[in-house]
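Take the sequences, apply the hints, and build the full model.
Last residue of the sequence shown? That's 354 in this note's numbering, and every number before it is there in order.
Accuracy of the hints is not assured; some may be wrong.
[Said to hold, decoys possible] Dumping the calculated EDC-like pairs for lysine to aspartate or glutamate here, alpha-carbon to alpha-carbon at most 20 Å:
| hint | residue 1 | residue 2 |
| --- | --- | --- |
| 1 | Lys78 | Asp113 |
| 2 | Lys227 | Asp255 |
| 3 | Lys119 | Asp107 |
| 4 | Lys138 | Glu61 |
| 5 | Lys119 | Glu137 |
| 6 | Lys138 | Asp103 |
| 7 | Lys289 | Glu273 |
| 8 | Lys285 | Asp183 |
Hints in this document: simulated from the structure, not taken from any laboratory.
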Amino acid sequence: MSDEIVFSIIMPAYNAEKYIKESIQSVVSQDFISWELLVIDDGSFDKTKDVVTSFDFDNRIKYFYQENSGVARARNLGIEKSRGEYVAFLDSDDLWVSSKLSRVYLELVDKPTVGLLYSNYYCFTDDRNEKVEAVHYPYFNDSMYESLIVLDYIATLTAVVRRTVLIELKGFDESFFGTEDWDLWIRVAEVSEVFFLDERLGFYRIHSGGISKNIERQIRQELAVIEKHRVKCSDNVYSAAKILLKVKQLRGLVSARDIRKNFVLALAGLIALVIQNARGALYLVKVLYISCFLKKY
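If you want it as structure tokens, here you go:
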């Protein structure tokens with residue numbers, strides 16, 4: 058293997074002092090050594106910088122600061138600074154298994170037409186009293202691109218993308234908040250192959266500070282992604298995506314214990330969508346495995 062960097066790992070961080078040390082350590086512990094870790098501090102005002110610079114003994118770890126501009130801009134800055142052939146993503150509260158990079162490398166060198174590789178992973182809670190196996194099947198139907206428009210089933214901590222593809226696509230769309238990764242996976246699937254590695258190579262942390270906890274904002278952002286790609290997908294795919302989005306909204310309302318007017322209206326809207334878009338509903342069934350659907354949502 059040459060001295061060139063193989064993997065650039067981008068880790069955005071915002072007030073991440075509580076978890077980031079463990080996340081960085083999971084990178085340092087990799088059994089594959091040709092990597093650089095680019096930590097992009099998105100305007101933190103806690104001790105994030107102190108924690109990161111405590112790893113100064115490893116010159117593969119680089120710290121960059123930007124005024125608070127959001128995770129999409131932070132990741133794009135990381136892409137701009139990256140030098141590796143492949144770009145991997147790890148948030149400042151998630152973890153990798155020690156063989157993550159070595160397993161991914163073996164697959165990618167053997168599959169030169171793959172632009173994006175993703176894998177399975179585990180979920181765990183803050184107190185680690187519970188570890189739940191995540192169920193993310195690769196929804197292979199006629200089109201990976203269309204399947205991704207229906208549902209984002211690629212977890213960012215598992216994704217590795219060829220840097221040339223990221224440069225071609227100009228990185229993340231900074232107009233999105235919390236769904237910029239989903240939009241990028243869709244665009245990658247449009248121009249290159251996507252490969253699913255059925256191994257659990259990471260740990261996704263579930264805690265109250267996650268940006269996806271604001272259900273209504275998340276729904277609006279997901280709708281924006283669907284509408285962005287509306288022109289390039291079939292009516293069935295579009296309808297299936299809208300139906301699933303309405304289901305998510307219903308689940309969010311139930312979780313919030315709102316079983317009054319808004320819930321009734323959302324339920325009525327879902328029924329109307331299914332009736333008006335029977336083919337979309339059938340397509341949704343085709344794309345999703347019921348067991349995964351029930352576990353994930």
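Checklist entry - Where does the structure disagree with the numbered hints, that is, which hint numbers, in rising order? => result Failing hints, ascending: 2, 6, 7, 8.
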